[in-house]
Amino acid sequence: MSAVLATSAVSLVLAPSAFANFITPKSGGSPNANQIHSLYMIILYIAAVVFVLVEGALVYSVYRFRAKKNPVAAQIHGNTQLEIGWTLGAAVILVILTVVTFVKLGSIINPPNSGAAFLESSLSQPTPPNGKEIVICVQGRQYIWRYVYGSACRNNPFAAKLPYSFQEMVVPEGETVVLSITSVDVIHSWWVPSLGGKVDAVPGYTTYTWFQAKGPALYHGQCAQLCGRQHAFMTALVDVVSPSQYQTWLTQQQQKIQTANSQVTQLRSYLTKTGNL
Amino acid sequence: MSVITDQVTRPAPQVLTRSVSTPRETKRWIDWVTTTDHKKIGIMYLVTTFVFFILGGVEALLMRVQLSEPSNTLLSGERYNELLTLHGTTMIFLFVVPVMAGFGNYFVPLMIGARDMAFPRLNALSYWLLLAGGIVFYATLFWHPPEAGWWSYPPLSSIEYSPSGGQDAWIFLIHLTGISSLLGAINFYATIVNMRAPGMSWGRLPLFIWSILIYAILLIIALPVVAAAVTMLLTDRHFGTHWFDPTAHGSPILWQHLFWFFGHPEVYIMVLPGFGIISEIIPVFSRKPIFGYKAMAASIAVIAFLATLVWAHHMFASPLPIVVLGFFMLSSFLIGVPTGVKIFNWIATLWRGSLVMTTALYYAIGMIAIFVVGGITGIFLAVFPVDWQLNDTYFVVAHFHYTIFGGAVFPVLAAIYYWFPKMTGRLLNERLGKISFWVTFIGFNATFFVQHALGLSGMPRRIYTYQPGLGWSTYNLISTIGAFILGSGIILTVINVAMNYKRGPLAGPDPWKGNTLEWFVPSPPPVNNFDVIPRVRSVEPMRDIRRQVERTTGVTQKTGGSERFARV
Numbered sequence: 001m002s003a004v005l006a007t008s009a010v011s012l013v014l015a016p017s018a019f020a021n022f023i024t025p026k027s028g029g030s031p032n033a034n035q036i037h038s039l040y041m042i043i044l045y046i047a048a049v050v051f052v053l054v055e056g057a058l059v060y061s062v063y064r065f066r067a068k069k070n071p072v073a074a075q076i077h078g079n080t081q082l083e084i085g086w087t088l089g090a091a092v093i094l095v096i097l098t099v100v101t102f103v104k105l106g107s108i109i110n111p112p113n114s115g116a117a118f119l120e121s122s123l124s125q126p127t128p129p130n131g132k133e134i135v136i137c138v139q140g141r142q143y144i145w146r147y148v149y150g151s152a153c154r155n156n157p158f159a160a161k162l163p164y165s166f167q168e169m170v171v172p173e174g175e176t177v178v179l180s181i182t183s184v185d186v187i188h189s190w191w192v193p194s195l196g197g198k199v200d201a202v203p204g205y206t207t208y209t210w211f212q213a214k215g216p217a218l219y220h221g222q223c224a225q226l227c228g229r230q231h232a233f234m235t236a237l238v239d240v241v242s243p244s245q246y247q248t249w250l251t252q253q254q255q256k257i258q259t260a261n262s263q264v265t266q267l268r269s270y271l272t273k274t275g276n277l
Numbered sequence: 001m002s003v004i005t006d007q008v009t010r011p012a013p014q015v016l017t018r019s020v021s022t023p024r025e026t027k028r029w030i031d032w033v034t035t036t037d038h039k040k041i042g043i044m045y046l047v048t049t050f051v052f053f054i055l056g057g058v059e060a061l062l063m064r065v066q067l068s069e070p071s072n073t074l075l076s077g078e079r080y081n082e083l084l085t086l087h088g089t090t091m092i093f094l095f096v097v098p099v100m101a102g103f104g105n106y107f108v109p110l111m112i113g114a115r116d117m118a119f120p121r122l123n124a125l126s127y128w129l130l131l132a133g134g135i136v137f138y139a140t141l142f143w144h145p146p147e148a149g150w151w152s153y154p155p156l157s158s159i160e161y162s163p164s165g166g167q168d169a170w171i172f173l174i175h176l177t178g179i180s181s182l183l184g185a186i187n188f189y190a191t192i193v194n195m196r197a198p199g200m201s202w203g204r205l206p207l208f209i210w211s212i213l214i215y216a217i218l219l220i221i222a223l224p225v226v227a228a229a230v231t232m233l234l235t236d237r238h239f240g241t242h243w244f245d246p247t248a249h250g251s252p253i254l255w256q257h258l259f260w261f262f263g264h265p266e267v268y269i270m271v272l273p274g275f276g277i278i279s280e281i282i283p284v285f286s287r288k289p290i291f292g293y294k295a296m297a298a299s300i301a302v303i304a305f306l307a308t309l310v311w312a313h314h315m316f317a318s319p320l321p322i323v324v325l326g327f328f329m330l331s332s333f334l335i336g337v338p339t340g341v342k343i344f345n346w347i348a349t350l351w352r353g354s355l356v357m358t359t360a361l362y363y364a365i366g367m368i369a370i371f372v373v374g375g376i377t378g379i380f381l382a383v384f385p386v387d388w389q390l391n392d393t394y395f396v397v398a399h400f401h402y403t404i405f406g407g408a409v410f411p412v413l414a415a416i417y418y419w420f421p422k423m424t425g426r427l428l429n430e431r432l433g434k435i436s437f438w439v440t441f442i443g444f445n446a447t448f449f450v451q452h453a454l455g456l457s458g459m460p461r462r463i464y465t466y467q468p469g470l471g472w473s474t475y476n477l478i479s480t481i482g483a484f485i486l487g488s489g490i491i492l493t494v495i496n497v498a499m500n501y502k503r504g505p506l507a508g509p510d511p512w513k514g515n516t517l518e519w520f521v522p523s524p525p526p527v528n529n530f531d532v533i534p535r536v537r538s539v540e541p542m543r544d545i546r547r548q549v550e551r552t553t554g555v556t557q558k559t560g561g562s563e564r565f566a567r568v
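The listed protein sequences derive, respectively, from chains A and B.
Its first residue numbered 1, the first sequence is counted upward by one per residue in my numbering.
Its first residue numbered 1, the second sequence is counted upward by one per residue in my numbering.
Excised from the complex, chain B in its bound form (with noise of 0.2 Å):
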C-alpha cells in the first residue's frame, strides 16, 4: 500500500464531497441479495432487526396490556407464555445482537480505514443466517410458538411438558442465530487484527473498534456452549437422550449452568458495543478527547473476562452450595469495578468540554443516566441472600431492562442520530429527535422503574394476570401507561427516519466534526470507501487532518450540521 507523505496534497473532507455513483446493471433488489458490500449488508442488518425490534416492541405491549389490570382476561396463559418466549428471545437474538453486528459491519471498516470486511461472501452469509433463523422463529405463529421462556428450562422445555414444534424451532433459531454470529465475530476479529489502516496501532483504536472486537471474542467463547446446550435438549426431545432428565440421572442444573455460561456473556455481548458507541459519541459532542482511553479500552477486557466468570448469580435459588454462591457474588461484585470507571469516565469527558446538544448526545447521556440505576440494581441483586427475594420477580425485570435497554438500546438509538447522516447523506430532523428523545426517556422510566416496586411488593415475573387486592394494581397500570409513551417514541423515532432518508437537508462528510475515520469519506460512502487511506496518528484521526487542512488552507472548517446546534 502506498502511503502518501506529500501533507499537503492530502484530500480535504470538503474535496471528497461528489456524488459517487455507477451505471446500474442490475435491478435493484437484486443489487441488494446478491450484495457483499460491508455497507449494504450493514443496512440489511439494521433494518431486518429494526422489524424484529418493532415486532418484539408489540409482543411487549400485549402483555403490558394483559397486566394493567387484575384478572384481565385479554390473554390465556398460553398465549402469554408464547409471547413472552417471543418477546425475550426476539429482542436478543434478533434485535439486540444483531443490530451490534449491523452497525459493526457498516462501521468498523470505515473506522479502521479498510474498503470492506476481511470475508464479504462470509459476511453476506452471516446476514442471510440470521434472517433464515427470524424466519424460521417466527414461522411458529402458524402453529404453535414455543413457551417455555428464553431460558428455556428444561424439564419445562423437554417432549413431555413442552410437545409442539415451536420448542424446535427456538432451538433451531439459536443455531441459525449462533452460526450467524460466529461467522460474523470470526469476520469482524479478522477484519479488525489485519485491515487497519498504516499507522492504527492498538493504543489509536476507536473505543467502537474495540468494543466490536471484544464482543466477536466474546460471542467466539459463548456461543458454542450454548450450540452444544441447545443440540442436547434436541436430542433429550427426539432422540432419547437424557441430560437433563431427573428420572434418568439427568441433570435441569446442568442446563442451567450450560445455558447461562452462555447467557452472561450475551448480556456484555449485547451492552459492550453500547459502551463502544457511547465512547465514540461523548468526546465527539463534548469536543474533547475521550477520558482516559487506556482504561477505557482495558475495562473492555476486563468486563468481558469476568462475564465468563458470573454465569451462576442467575441460579441463586437453585440448589447450589453457600461456597459457589459466594464466589458468584464476588465475582459480580468485581464486575461492578470496571463498569463503575467507565461511567466516571463517560461523565469526566462530558466535565470541562464544551456541549454540543444534538439528539445522539441526548441519548448518549440517557443511556449513562439511566445504565447507572441498572448498575446500582445489580449489586442488589448480586448480594446472595438480598437475591433470594429478588430473584425471578419483577424487580429483575426492571434491572435488566434498565441495563440492557439502557446499556444497548439508548445508545443504538444514538448510533441512529449519529451515524444516520453518514448512512443516508441526510440529517435527521433535530427538533423532532430531541421530542422523541424525551418521551423515549420518560415512556422508559415510568415503565420500569416501578417494576422494582412491583418486585419488592412480592409479584414474580412471567405471571399472566393477578388477583386484585395484592398492591400491584396501580404500579401495573403506570408500567402500562408508561409502555405506549415508550413505544410512542420509539414511532417517533422511525418518522424521523422515514421522512429524511431522501428528503433531509444533505450532511455533508462530516456533520459533526468527527473524530474518526468514517467522517473523512463522502457520505454516503462510495463502494471502495477510500481513495487514498490516511495514515493515522492518533486515536483521533480525523481531528487531525482536520487541523491539518486549517493550517495549510488557513480556513476554518465548514460543517454541514453542528453549526446548527452551537455557536462553534
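Excised from the complex, chain A in its bound form (with noise of 0.2 Å):
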C-alpha cells in the first residue's frame, strides 16, 4: 500500500487536475447524478470505517503475534458469542445501507418538475409530476449515438419532420429531458458520468433515463458496453444551451437538414437522369 501512496503522491505533484475523481464518482451535471454521488459518499464513509478495522486488525496481529514477539500461540478453537457478534455486525451495516438505498432511490429514477411552457407534455416514463418534460430518442448503432428530438420519435424514431443529430446532444438548462434508448445492432450503453447513471441500449427494447442539466456545460460520455472494434470511439457530447438558443437550434437544425434532403433529391435525380444511378 505504501508504494500506492508514494506513486499517488507524485502523481498528485506532476498532474493535479487528473484527482478531481480519485475516490468519487462524477456528478454536478443533474440532481439524478447529485444523489448517486450522495449515497456513494454515504458507503465510501462507512466502507473507510471497516477497512482500516480490518486491515488494522491484519497488520496489528502480523505485527504483534511474529514468533519473535510471541513465542508460544494461544490455542484457541473459537469464541461463539464474538463470532455471532461480528457476523450481526456484518448484517447491521448491510441493514443500513439497504434502508438508505430504498431512502435515496426516489430522487434517483423519478425526474423533478420541470418548469418551461414550450415544453410538450406526453405519457413516457419516467415523466416529472407536472407532465413536462422534453423527449429525446437515443439510438445506439456501431459506432454513433443518433439522437432523435420531440416526444414522437417513440412511435417512429425516423419519422421525417423530427429533428435530429449525431454524437452531439444540445439540450435546454434546467429542464427536464427525458431519454428513450434503443440500439439498431449491437447492446451499447448510454452514460455521461456527470448526468447521471449507466442505461444498456439493448435490440428489441426500450430502455428510459433523464436528466436535468446544469448549465451551459458540454459533458462528455461515451459508449460502456463493448460493442465492437471502434467502441472506444462511440463517444457522446451533451451540449447544454439556454431553452431559446434551444429553440433557434431546433429550428436551424431542421433547416440544415431539409435543404440537405433536397440537396440529396436534387442530386439523386440528377444522377438519375444522366444514367450513373
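Mixed in with the good hints there might be a few duds.
Unchecked claim - The calculated lysine to any residue pairs, modelled on SDA-like cross-linking and capped at a C-alpha distance of 20 Å, are: (1) LYS68/A to PHE172/B; (2) LYS104/A to THR24/A; (3) LYS294/B to LEU88/A; (4) LYS434/B to VAL72/A; (5) LYS104/A to SER354/B; (6) LYS294/B to GLY78/A; (7) LYS502/B to PHE484/B; (8) LYS161/A to GLN252/A; (9) LYS104/A to ASP31/B; (10) LYS161/A to GLN253/A; (11) LYS68/A to LYS434/B; (12) LYS513/B to PRO128/A; (13) LYS27/B to VAL527/B; (14) LYS69/A to LYS294/B; (15) LYS434/B to VAL59/A; (16) LYS294/B to ASN34/A; (17) LYS161/A to GLN263/A; (18) LYS132/A to ARG154/A; (19) LYS513/B to ARG66/A; (20) LYS294/B to ILE76/A; (21) LYS294/B to ALA90/A; (22) LYS502/B to GLY88/B.
Stated by the list, open to error - Listed below are several chain B residues computed to face chain A (Cβ distance under 10 Å; list not exhaustive): (23) GLU69; (24) GLY77; (25) PRO155; (26) LEU205; (27) PRO246; (28) ALA301; (29) ILE343; (30) TRP346; (31) LEU361; (32) GLY375; (33) VAL450; (34) ALA453; (35) TYR466.
Calculated directly from the structure, the hints in this document are not laboratory data.
Ideal placement from N, C-alpha and C gives every residue a C-beta, glycine not left out.
Take each chain as given, in its own frame, and dock them per the hints.
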C-alpha cells in the first residue's frame, strides 16, 4: 500500500487536475447524478471505517504476534459470542445500507418538475409530476449515437419531420430531459457520467433515463458496453444551452436537414437522369 | 481396511523419509502421457495452467502498454478486442478454475488419506480435455481470435457481427473445458464423499477439502447452464435458430441471464478453493488451530448457495424491473456476511498466534489484505443506483482483479510456496520468495488501485484507446508501470521454482510442521501415497501424530524447514 501512496503522491504533484475524481464518481451535471454521488459518499464513509478496522487488525496481528515476539501460540478454537457478534455486525451495516438506498432511490429514478411552458406533455416513463418534459430518442448503432428530438420519436425515430443529430446532443438547461434509448444493432450503453448512471441500449428493448442538466456546459460521455472494434470512439457530447438557444438550434437543425435532403433529392434526380444511378 | 491400533508401532514421519523408486519400464514422456496417478495429473494441470497464466499475463501487458498513453496506435481496435477476449477467457477457463483442480488433484487424496482419486482414468480424461480446449482456443491465433469479450454478449457474438470462426472456437473451448471441469467435479465429489481416512468425519474434514467439495458442487450446478447457453449460441450462429436474435423475437437478455447464472457461481468456483488454501496455511504458520472451524466450513456452503442467487447484479444497467434490481442488491449484500465471517476468522486465527513468517504466510496475509478491498468495493457495486455509475467501468475491472487476483491467484502463489516441498521434495528459496511477494504485492496494488479512480473519472472498460485531456492519462500510466512490476513478481516465483525443483535443499516429509495428512508421507509421496493410513482423531491429524511420536519417543520432532525461519 505504501507504494501506491507514493506513486499517487508523485502523480498528484505532476497532474493535480487528474485527481478530481480519485475516490468519488462524477456528478454536478444533474440531480440524479448528484443523488448517486451522495449515496456513494455514505457507503464510502462506512467502507472507510470497515477498511481501517479490518486492515488495522490484520497489520497489528502480523506485527504483534510474530514468533519472535510471541513464542507461544494461544490454543483458541473459537469464540461463539464473538463470532455471532461480528456476523450480526456485518448484517446490521448491510441493513443500514439497504435502508439508505431505498430512501435515496426515489430521487434517483424519478425526475423533478420541469418549468418551461414550451415543453410538450407526454405519457412516457419516467415522467416528472407536472408532466412537462423534453423527449429525446437515443439510438445506438455501431459506432455512433443518433438523437431524435420530440416525443413523436418514440413512435417512429425515423419520422421525416423530426430534427435529429449525431454524437452531440443539444439540450436546454434546467429542463427535464427524458431519454428513450434503443439500439439498432448490438448492445450499447448510454452513459454521460455527470448526468447520471448508465443505461444499456439493447436491441428489441426500449430503456429510459432522464437528466435535468446544469448549464451552460458541455458534458462528455461514451458507450460503456463493448460494441465492436471502434467501441472506443463511440463518444457522446451533451451541449447544454439556454432554452431560447435550444429552440433556435432546433429550428436551424430542422432547416439544415431539409436543405440537405433537398440537395440529396436534386443530386439523385440528376444522377438518375444522366444514367449514373 | 485394517486399522492399526497399536500406538507405539505407528510409523513416525522420519521413518518414512526414504526414496521410493521403482525401476523405469517405459520412457519418461510415455509415463506422463499414460499416467492415471493423481499426483502426476495434478502436476500436469499445474504446469499447463501456469503456461496459460503466463500467456494471459502477456496479453494483459500488451493491453496495458496500449493504454499507457492516450491515442496510442500500438494496437488496433480489432487486436485489442481479441486480446481482451483471450485474456479474460484464458485466465478464467484455462488458469484459475483448472489450477484449483490441479491442487485439488494433487492434494485431495493425500489430505483425506486416499491412495488415488475415485476414478483415475476419468481424472486423466479431465486433464486431456482441458489441454484440448486450450489448444483449440489458442489455435485461433493463426486465424481469427474471438473478439466479443469473455461474456460474448449477442448480438455482438452472433454470426452477423462476429462472422469469424474464432467465436466458434470460443464456444468449443467452453464445451471442452466445461466437460473437463464437470468430470473433474464428479471425481472430486465421489472421492471426498467415499474415500476419507478412517475417523475423518465431516467435522474433521480439512477446510481445503471442504472448499474443493463445494467447488465441485458449484461446478456441477453452473456448468450445464453455460453449456446450454453456448450451444444455443452455436445453433443461432449456424443452424437457423433465433434464441438471442431480437429481429426474430429472440432476446439478448436471455443470454445475459443464462451466462451470468453460470458466471457468478464461476466467481466463487474460482475463489472458494483459494479460501480453502488460506484456511490451511494460516493455522499451520500461526501454530494455532483455525478460529471457528464450523463457521468457516458453513460459510463456504452459504457462499455457494447465495452464489446461485446473485447473477443479475451483473445486469443492473440492462432492462430489468426495479424490484428485480432490489432483490439482487439484497442477495448480493447477503453474500457479504459469510465472506466477512471468513475474513474475521482468518484474522482471529492470526491473533495471539506465534507467526512463522514464511513466504507462504506472506502471500496468505497479502491475500486477506487485498481481498478486503475487493469485498468492500463489491458492496459499492451491489447498490444498484451506484452501480449505474460504476458498472462497465475500470472500477469494476479493479474490483474483480482485487477479488480474483487477490482471492484466487495470491492463494495459488501461497500454495506453490507451501506445497512445493511436498511435490518435489525440495524447498524454495525463502529470501527470493519474500522478494517476489513484495514485488507482486506492490505491483498488484499499483496496477489496480488507480483503476478505481479511472472508473470513477468515467473511463469505461474495454476501450482500446482514449483522448488526452480526460484526466485518465496519469492513472493509466501508473497502472501500466504497476503491471510490469506485477509481472516481474510472478517471474521471480517462476525463477524460484526453476532454480529449486532439482537443486533446492531437501525438505523432508514435514518441513512446516503441517496439520494435515499430506505431511505424513514422504516428499514427494510414493505412487501409492500411504503404506498405512492413519486413523484421524481431529481436524489436525498430523499434529496429533507429531505429538504422539514426541510422547512415545521423548524427542522433539525435527522438521526440515521451519526452524530456518523462526526459533520454534
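Hint by hint, here is what the structure shows:
1. LYS68/A to PHE172/B: Given that 20 Å is the threshold and the Cα spacing comes to 54 Å, the pair is violated.
2. LYS104/A to THR24/A: With a Cα-Cα distance of about 17 Å, the restraint between LYS104/A and THR24/A holds, given a limit of 20 Å.
3. LYS294/B to LEU88/A: Holds. LYS294/B to LEU88/A sits at ~17 Å (cutoff 20 Å).
4. LYS434/B to VAL72/A: Distance ~24 Å between LYS434/B and VAL72/A Cα, so the pair is violated.
5. LYS104/A to SER354/B: violated (47 Å)
6. LYS294/B to GLY78/A: Judged against 20 Å, a Cα distance of about 9 Å means the pair holds.
7. LYS502/B to PHE484/B: At roughly 29 Å apart (the allowed maximum being 20 Å), PHE484/B and LYS502/B break the hint.
8. LYS161/A to GLN252/A: holds (13 Å)
9. LYS104/A to ASP31/B: Distance ~65 Å between LYS104/A and ASP31/B Cα, so the pair is violated.
10. LYS161/A to GLN253/A: holds (11 Å)
11. LYS68/A to LYS434/B: holds (18 Å)
12. LYS513/B to PRO128/A: Judged against 20 Å, a Cα distance of about 69 Å means the pair is violated.
13. LYS27/B to VAL527/B: holds (17 Å)
14. LYS69/A to LYS294/B: Not satisfied, since the Cα-Cα distance of roughly 30 Å exceeds 20 Å.
15. LYS434/B to VAL59/A: Measuring from Cα to Cα gives roughly 17 Å; hence the hint holds.
16. LYS294/B to ASN34/A: Between LYS294/B and ASN34/A the Cα gap is close to 44 Å, so the pair fails against 20 Å, i.e. violated.
17. LYS161/A to GLN263/A: holds (17 Å)
18. LYS132/A to ARG154/A: Holds, at roughly 16 Å.
19. LYS513/B to ARG66/A: holds (16 Å)
20. LYS294/B to ILE76/A: It holds: about 14 Å lies between the C-alpha atoms, which stays within 20 Å.
21. LYS294/B to ALA90/A: holds (18 Å)
22. LYS502/B to GLY88/B: violated (33 Å)
23. GLU69: violated (13 Å)
24. GLY77: With a minimum Cβ separation of about 4 Å from chain A (threshold 10 Å), the hint on GLY77/B holds.
25. PRO155: Cβ of PRO155/B sits 5 Å from chain A, so the hint holds.
26. LEU205: violated (16 Å)
27. PRO246: holds (3 Å)
28. ALA301: violated (15 Å)
29. ILE343: Given a least distance of 7 Å, the restraint on ILE343/B holds.
30. TRP346: OK, holds: TRP346/B within 10 Å of chain A, min 8 Å.
31. LEU361: holds (9 Å)
32. GLY375: holds (9 Å)
33. VAL450: holds (7 Å)
34. ALA453: holds (5 Å)
35. TYR466: holds (7 Å)
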